[in-house]
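Trainee: Chain residues, written in single-letter form:
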Amino acid sequence: MSYGDVEAVRGIDLEVQRGEVFAFLGPNGAGKTSTVEILEGYRKRSGGEVSVLGEDPERAGRRWRERIGIVLQSCRLDPYLTVRESLQLYAGYYEAPRPIEETIELVGLLGKADARASALSGGQQRRLDVGMALIGDPELLFLDEPTTGFDPSARRQAWETIAGLRDLGKTVFLTTHYMDEAQRLADRVTVISGGEIVARGTPEDLGDRESRPARISYREGGQEVALETTTPVQTLNELTGRALAEGRELEGLEVTRPSLEDVYLELTEQT
Amino acid sequence: MSLVLHQFRYDQKAFWRNPASVFFTVGFPVILLLIFATIFGDQTVDVRGGIKTTTYYVPAIITLSVISATMQSLAMSLVIAREDGRLKRGRGTPMPPWVFIAGRIGNSIVVALMMLILIAALGRLAYGVGIPWSRLPAIVLTLVVGAAAFCCLGIALTAAIPSQDAAAPIVNALLLPLYFLSGVFIPDDQLPSGVVHFADAFPIRHFFEAFFDAYVPGGGAAVSWGNLAVVAIWGVVGALLAVRYFRWTPRSG
Numbered sequence: 002m003s004y005g006d007v008e009a010v011r012g013i014d015l016e017v018q019r020g021e022v023f024a025f026l027g028p029n030g031a032g033k034t035s036t037v038e039i040l041e042g043y044r045k046r047s048g049g050e051v052s053v054l055g056e057d058p059e060r061a062g063r064r065w066r067e068r069i070g071i072v073l074q075s076c077r078l079d080p081y082l083t084v085r086e087s088l089q090l091y092a093g094y095y096e097a098p099r100p101i102e103e104t105i106e107l108v109g110l111l112g113k114a115d116a117r118a119s120a121l122s123g124g125q126q127r128r129l130d131v132g133m134a135l136i137g138d139p140e141l142l143f144l145d146e147p148t149t150g151f152d153p154s155a156r157r158q159a160w161e162t163i164a165g166l167r168d169l170g171k172t173v174f175l176t177t178h179y180m181d182e183a184q185r186l187a188d189r190v191t192v193i194s195g196g197e198i199v200a201r202g203t204p205e206d207l208g209d210r211e212s213r214p215a216r217i218s219y220r221e222g223g224q225e226v227a228l229e230t231t232t233p234v235q236t237l238n239e240l241t242g243r244a245l246a247e248g249r250e251l252e253g254l255e256v257t258r259p260s261l262e263d264v265y266l267e268l269t270e271q272t
Numbered sequence: 517m518s519l520v521l522h523q524f525r526y527d528q529k530a531f532w533r534n535p536a537s538v539f540f541t542v543g544f545p546v547i548l549l550l551i552f553a554t555i556f557g558d559q560t561v562d563v564r565g566g567i568k569t570t571t572y573y574v575p576a577i578i579t580l581s582v583i584s585a586t587m588q589s590l591a592m593s594l595v596i597a598r599e600d601g602r603l604k605r606g607r608g609t610p611m612p613p614w615v616f617i618a619g620r621i622g623n624s625i626v627v628a629l630m631m632l633i634l635i636a637a638l639g640r641l642a643y644g645v646g647i648p649w650s651r652l653p654a655i656v657l658t659l660v661v662g663a664a665a666f667c668c669l670g671i672a673l674t675a676a677i678p679s680q681d682a683a684a685p686i687v688n689a690l691l692l693p694l695y696f697l698s699g700v701f702i703p704d705d706q707l708p709s710g711v712v713h714f715a716d717a718f719p720i721r722h723f724f725e726a727f728f729d730a731y732v733p734g735g736g737a738a739v740s741w742g743n744l745a746v747v748a749i750w751g752v753v754g755a756l757l758a759v760r761y762f763r764w765t766p767r768s769g
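Line order of the protein sequences matches chains A and B. Remember, our numbering sits 1 above the position in the first sequence when you count from 1. Remember, our numbering sits 516 above the position in the second sequence when you count from 1.
It is possible that some hints are incorrect.
[As the list claims (entries may be wrong)] Facing chain A, from chain B, some residues (calculated, C-beta under 7 Å):
hint : residue
1    : 526
2    : 534
3    : 608
4    : 767
[To be verified] Restraint ranges, calculated between C-beta atoms of paired labels, are given here:
hint : chain 1 : residue 1 : chain 2 : residue 2 : range
5    : B       : 547       : A       : 120       : 25 to 33 Å
6    : B       : 745       : A       : 97        : 42 to 50 Å
7    : A       : 97        : B       : 737       : 47 to 55 Å
8    : A       : 20        : B       : 518       : 28 to 36 Å
9    : B       : 767       : A       : 51        : 19 to 27 Å
10   : B       : 745       : A       : 75        : 38 to 46 Å
Calculated from the structure, these hints are not laboratory results. The beta carbon of each residue, even a glycine, is placed where N, CA and C say it ideally should be.
Construct the entire structure; sequences and hints are all you get.
Mentor: Structure, rendered in structure tokens:
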């Protein structure tokens with residue numbers, strides 16, 4: 002898959018299950034948006050096979066667009082239309098749209114239904130964006146970096162909205178560069194870096210986190226001691242046994258596993 | 517077709533709530549007419565054997581209003597919507613692209629017709645410039661052909677505008693000089709013939725002549741077919757360029 006002379010992504014192999022929240026994770030410039038735009042039918046690919054809801058997005062028509070919803074990475078709203086009007090306008094594009102008021106409630110804009118888009122905060126605008134993508138009652142929703150630039154409380158609210166989509170039985174294709182977002186929302190995560198997939202799995206087992214060495218650290222005579230072990234129980238037993246026998250404390254004793262963040266940084270570092 | 521009406525309704529709402537579009541499309545022509553009539557009101561213009569200045573300026577300002585409501589307004593608003601990502605979002609829905617464009621063109625033509633009524637009424641009430649009712653079919657025909665052609669040119673022009681900030685300068689740099697050279701601002705009896713010949717190479721002059729012929733009796737046929745054909749050809753060229761070069765995705769960012 003390439004555009005212009007630059008090959009953006011290659012050898013990407015993805016499969017998203019119906020009804021899951023799938024997170025496509027990677028640093029800026031990793032090829033996330035290129036991939037998503039191919040799936041959304043915005044961008045032509047130079048090679049490979051793509052099937053979204055059983056159709057090739059490059060050739061799919063109106064019927065296919067009835068079944069998907071798209072939240073673009075950066076897209077403003079018509080500043081002169083209200084929340085309700087923006088949703089009504091988009092509802093008119095679909096054969097069987099969701100009820101307007103229910104959608105307003107779903108994205109948490111009940112008190113703002115008659116406010117113009119220009120009067121909404123950044124987080125509220127983004128939620129209206131999500132509402133417009135949902136108004137056609139799609140089976141599959143693309144969310145491209147839905148919370149980039151949000152303050153923590155706006156992010157939390159957006160997360161609640163997205164988590165609510167899974168309960169509606171929607172399939173969500175979420176693009177993000179936030180590890181915690183993927184961890185919080187996704188059933189499965191795939192990590193892309195430098196245009197190639199570097200890891201895939203559930204947020205829990207991503208990058209074989211479970212089988213990685215644990216890190217044990219403590220202070221001895223004012224010196225920081227750290228060691229890595231694949232058998233933390235045994236190592237701890239030896240350490241503490243010796244300390245007990247010598248009648249001293251292991252100050253600042255800590256056993257840690259690599260966090261998802263560590264794994265992610267490590268995975269995306271080399272490129 | 518009902519989808520076009522749906523789109524048109526919301527385009528109308530957004531248009532009338534936008535202070536910039538209302539000022540430049542509605543307020544500005546009215547102000548221009550008041551200024552020209554106040555400054556040059558007592559003079560006569562040496563066309564058609566001598567007519568009042570205001571009789572000259574009413575069709576001139578209607579010409580400007582039509583171009584402003586179509587080419588100028590569309591080029592600006594479409595570039596803004598494109599760079600906002602709003603056109604791209606619309607393309608992600610089942611709405612056929614032609615519906616969106618048809619809604620916008622319909623919006624522009626309706627505003628142009630409203631400006632015809634507004635400026636004609638103002639000319640009649642404030643300056644006694646008669647409304648040639650018997651020529652109404654010719655007036656409406658000329659206006660609609662011109663409006664459609666300048667819509668196509670405005671949509672084509674968006675391809676040459678790289679960003680939101682560039683929209684107003686590019687549109688004004690094209691239109692303002694041509695308004696002067698085509699006799700819209702300065703009566704053409706005061707323009708050197710070389711200037712008018714130069715202006716003849718562009719559609720504004722032809723549309724102005726066609727509309728002037730329709731609006732001011734005494735110059736022969738009400739429909740100036742030759743001028744209208746030139747305008748229509750420009751429109752077709754604009755449409756072809758628009759089909760080829762119009763883009764839905766932002767150029768920057």
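Trainee: Checking each numbered hint in turn, tell me which of them this model violates, lowest number first.
Mentor: 4
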